[in-house]
Amino acid sequence: DTAVSQTPKYLVTQMGNDKSIKCEQNLGHDTMYWYKQDSKKFLKIMFSYNNKELIINETVPNRFSPKSPDKAHLNLHINSLELGDSAVYFCASSIQEGQGEETQYFGPGTRLLVL
Amino acid sequence: AQKVTQAQTEISVVEKEDVTLDCVYETRDTTYYLFWYKQPPSGELVFLIRRNSFDEQNEISGRYSWNFQKSTSSFNFTITASQVVDSAVYFCALGGTYKYIFGTGTRLKVLA
Chain A
1 DTAVSQTPKY LVTQMGNDKS IKCEQNLGHD TMYWYKQDSK KFLKIMFSYN NKELIINETV
61 PNRFSPKSPD KAHLNLHINS LELGDSAVYF CASSIQEGQG EETQYFGPGT RLLVL
Chain B
116 AQKVTQAQTE ISVVEKEDVT LDCVYETRDT TYYLFWYKQP PSGELVFLIR RNSFDEQNEI
176 SGRYSWNFQK STSSFNFTIT ASQVVDSAVY FCALGGTYKY IFGTGTRLKV LA
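Line by line, the protein sequences are chains A and B. Reading the first sequence from the start, the letters are residues 1 to 115 in the working numbering. Reading the second sequence from the start, the letters are residues 116 to 227 in the working numbering.
There's no promise every hint is true.
[Claimed, not checked] Selected chain B positions facing chain A (Cβ under 7 Å, derived; list incomplete):
| id | residue |
| --- | --- |
| 1 | Ala122 |
| 2 | Arg166 |
| 3 | Thr212 |
| 4 | Tyr213 |
[What the hints assert, rightly or not] Here are the computed distance ranges between Cβ atoms for each label pair:
| id | chain 1 | residue 1 | chain 2 | residue 2 | range |
| --- | --- | --- | --- | --- | --- |
| 5 | A | Thr103 | B | Glu141 | 17 to 23 Å |
| 6 | A | Arg111 | B | Glu130 | 41 to 47 Å |
| 7 | B | Ser188 | A | Ala72 | 35 to 41 Å |
| 8 | A | Ser39 | B | Thr145 | 35 to 41 Å |
| 9 | B | Ala196 | A | Pro8 | 34 to 40 Å |
| 10 | B | Gln172 | A | Arg111 | 34 to 40 Å |
[As the list claims (entries may be wrong)] Some chain B residues flagged as far from chain A (calculated, every beta-carbon gap over 10 Å):
| id | residue |
| --- | --- |
| 11 | Lys118 |
| 12 | Thr135 |
| 13 | Glu159 |
| 14 | Asn167 |
| 15 | Gln172 |
| 16 | Arg178 |
| 17 | Ser189 |
| 18 | Asn191 |
| 19 | Thr193 |
| 20 | Asp201 |
| 21 | Gly210 |
| 22 | Thr219 |
Worth flagging that the hints you see were computed from the coordinates, not collected in a lab. Yeah, the Cβ is synthetic: ideal placement off N, Cα and C, and Gly gets one too.
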């Protein structure tokens with residue numbers, strides 16, 4: 001039973017295209033996240049959602065639009081893909097987030113390559 | 116400002132050696148939480164441990180142990196008798212409001 005799943009696992013696309021990454025968690029968690037891991041392995045928060053409501057948008061270009069149709073899903077849509085968007089994108093979830101105490105559980109990652 | 120520093124970019128050891136991965140953090144909060152994650156070559160992020168700032172007891176889990184010292188703002192991770200399967204990138208993280216602040220990771224290579 002996969003706790004946090006992401007699709008697709010790999011995504012290769014051309015510059016300028018629009019693509020989506022889906023994330024689902026079956027842990028009953030209230031809070032979901034998107035992180036970006038660059039080629040140097042640096043992990044940085046992009047978005048946090050709590051009960052379908054956007055909590056954090058960490059200065060991400062507005063070409064990136066997260067959507068949370070329900071608590072169990074947080075999808076990431078990217079418009080007009082650029083070379084610099086190539087990275088691994090991780091979805092994560094936690095029980096209702098407070099002051100950083102909750103353990104986050106990560107999906108397997110989506111490896112995006114923009115050509 | 117909150118920050119996590121993992122000064123060791125890469126460490127190589129021979130199997131069965133002990134190895135310590137350093138993590139130094141900065142925060143003005145009096146209550147905070149620290150985490151370690153493992154990222155093996157397959158790429159997933161595996162949760163290892165969570166520690167709150169009020170609990171300074173060292174923790175041991177099999178070959179893994181963690182040394183939390185508030186006085187030096189450090190939360191170091193030791194692997195005893197390392198094995199090839201321990202080869203991975205290890206991340207230390209500080210729990211912030213609705214996010215983690217990650218260190219830059221330490222790549223550990225355990226050679227047979």
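A quick look at each hint next to the structure:
| no. | hint | result |
| --- | --- | --- |
| 1 | Ala122 | violated, 15 Å |
| 2 | Arg166 | violated, 11 Å |
| 3 | Thr212 | holds, 6 Å |
| 4 | Tyr213 | holds, 4 Å |
| 5 | A/Thr103 / B/Glu141: 17 to 23 Å | holds, 21 Å |
| 6 | A/Arg111 / B/Glu130: 41 to 47 Å | violated, 30 Å |
| 7 | B/Ser188 / A/Ala72: 35 to 41 Å | holds, 37 Å |
| 8 | A/Ser39 / B/Thr145: 35 to 41 Å | holds, 37 Å |
| 9 | B/Ala196 / A/Pro8: 34 to 40 Å | holds, 39 Å |
| 10 | B/Gln172 / A/Arg111: 34 to 40 Å | holds, 39 Å |
| 11 | Lys118 | holds, 13 Å |
| 12 | Thr135 | holds, 20 Å |
| 13 | Glu159 | violated, 5 Å |
| 14 | Asn167 | violated, 7 Å |
| 15 | Gln172 | holds, 17 Å |
| 16 | Arg178 | holds, 21 Å |
| 17 | Ser189 | holds, 18 Å |
| 18 | Asn191 | holds, 20 Å |
| 19 | Thr193 | holds, 21 Å |
| 20 | Asp201 | holds, 17 Å |
| 21 | Gly210 | violated, 3 Å |
| 22 | Thr219 | violated, 6 Å |
Checked against the numbered hints above, the structure breaks hints 1, 2, 6, 13, 14, 21, 22 and satisfies the rest.
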